[in-house]
Amino acid sequence: MGDRLSKNGVFGLLSPSIPKLGDEDNYWTWRILIRSYLEALGLWAGNFPKEGPQTKFILLSTLEMWIFKREYENLSCKQIFQDLEERFSVPRPKLSQMNLTN
1 MGDRLSKNGV FGLLSPSIPK LGDEDNYWTW RILIRSYLEA LGLWAGNFPK EGPQTKFILL
61 STLEMWIFKR EYENLSCKQI FQDLEERFSV PRPKLSQMNL TN
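The sequence shown lines up with residues 1 to 102 when you count with our numbering.
Every clue listed holds true.
In silico DSBU-like links for lysine-lysine, alpha-carbon gap of 35 angstroms or less: (1) K50 / K20; (2) K20 / K69; (3) K69 / K50; (4) K78 / K56; (5) K20 / K56; (6) K20 / K78; (7) K50 / K78; (8) K56 / K69.
Now the in silico label distances, taken between C-beta atoms and shown as ranges: (9) S76 / E39: 14 to 24 angstroms; (10) R70 / D23: 14 to 24 angstroms; (11) P53 / P91: 27 to 37 angstroms; (12) A40 / L60: 13 to 23 angstroms; (13) R31 / W66: 17 to 27 angstroms; (14) E71 / G22: 12 to 22 angstroms.
Derived by calculation from the structure, the hints in this document are not laboratory data.
Beta carbons are placed, not taken as given, at the ideal position from N, Cα and C, and that holds for glycine.
Sequences are here, hints too, so could you generate the full structure?
The structure is reproduced here in structure tokens:
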């Protein structure tokens with residue numbers, strides 16, 4: 001799985017080899033990998049995916065079935081990404097709040 005170029009140099013799209021987002025346990029791994037992947041393809045700007053059908057396909061193809069919402073069909077890539085972050089991002093404790101022992 002992954003991307004490839006056809007013989008005529010046209011970009012052929014396949015699902016990336018990124019573990020699918022299934023719950024909050026793998027959200028941060030998924031987020032880091034999807035961002036890196038989209039950046040490598042030039043489909044990331046600032047803190048969000050760029051808008052477009054290619055980006056939306058890649059984003060949606062990395063979600064488990066039970067994550068999908070019917071509304072995703074009509075939402076922008078940024079809106080989908082924000083919804084996933086709201087649903088699955090678990091705030092990490094600050095270093096000052098962690099009990100660090102040697």
